[in-house]
Amino acid sequence: MSSIPEKQENQKQVLTLNELSKRKVVEHNSLITSIAKMDKTPLKMFELAVSCINTEEPPKDNIVYLSKRDLFAFFKVSDNDKHSRFKEAIEKMQKQAFFQIKEEAGKGFKFKSIVPIPYVEWTDYHDEVKIEFHREIMPYLINLKKNFTQHALSYIAELNSKYSIILYRWLSMNYSQYEHYSTKGGRRAEQVESYRNPSISIKELRNMTDTVNDYERFQSLETWILKKPIEEINAHTHFNVTYDKIKAGRSIDSIVFHIEKKRTADDNSYKLDDQAYIEDKKQKEETEKDLVFEAMKSKYTQFLLENMLLSPYEMTDTALMAGLQAHVYPLYDELKDLRGLNGVKDHLSYVASKQEDYSKRNIAKYLKKAIEQYLPTVKRQDLS
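Heads up: the sequence shown begins at -8 in our numbering, then just goes up one per residue.
By construction, these hints were calculated from the structure, which means they are not laboratory data. Treat the hints with caution; some may be incorrect.
[What the hints assert, rightly or not] Think about it this way: if two alpha-carbon atoms lie no more than 30 Å apart in a straight line, the pair counts; the simulated DSSO-like pairs of lysine-lysine are:
1) K86 to K253
2) K136 to K51
3) K86 to K15
Note that the coordinates shown come from a computational prediction; the quantities given were computed from them, not determined experimentally.
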């Protein structure tokens, strides 16, 4: 293989393993729902390469660089045969691996088959690997103004099954939409919940995992495409996932997943700032600004002030106000629909009478917990 020209050598950046562990993979949803015609290693290598793309400054000539040393560490390969195995993986990726993408076009669908990484260059005496993406795959990796999903590369690194990776990407896509719409609005409550409890038909599941002709018995399909991947996802990612099998007649027709995000140390914060998934600082600030603006106009803020559950000083805390608007006020809307505004006022009057039961440092979470405990009682009373 020829060496890389000196001019290009000076422009490239080879990422360290520590940097890779902090990387995010950002992909268009059409790519996540496509059929990955490849096994685990090429798919993980593709995800690793994608994590090196700066979407704000896309790489020139669609090229990124990786270190062989760090690449082997990422795959946890340490035996003496690692170089030949790496060569075999590259050859297999280029000869066999491709994405089959299905997109709506006019009155039907358009199908694309794209080999994502057609060119890889390395030498036996140098540590770096040059990876060039196909031009047709780049729009799914850099044109990400809408309908895209972001997930941590470190989670992908721990998944040891192709099906675990495919399922994790799909679950991340749905949960990201749940987080987005539960904060920003724009969807009905049942639609928002459907993102946290997404459904997929068995036919779609087989297509997405490329198992249309495999695992004919549902028991085998469930073992290898559902049970084992979910065990891995639950063990190595920030999700806890369960699922229900939905029947149509005597056969299983679809699967409904239930996604819960694991708690982190940040959950002990008194502010309900659950927007950490918005990595782009500007977008986060704009989202928070919109929420604060709505909170300031809300009649519920006035009710809280009247009951001394909120002080004018606390209203200057933008994260607190955004949290109230995103997570508490929608629950007050539910109570208002059931009991009217007077019902909300009565609830807050009661909560205010119990002020000694909470610390002011936990006001947002206290209010959320109070209304969450009260709403089921109201609903049961209305049913009786």
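Next on the checklist: For a C-alpha distance cap of 30 Å, please report whether K86 and K15 respect it.
Outcome noted: holds (27 Å)
Next on the checklist: What's the verdict on K86 and K253, does the C-alpha distance respect the 30 Å limit or exceed it?
Outcome noted: Violated, at about 39 Å.
Item to check | Restraint status (C-alpha distance of K136 to K51 at most 30 Å) | outcome: holds (20 Å)
In this structure, the one hint that does not hold is number 1.
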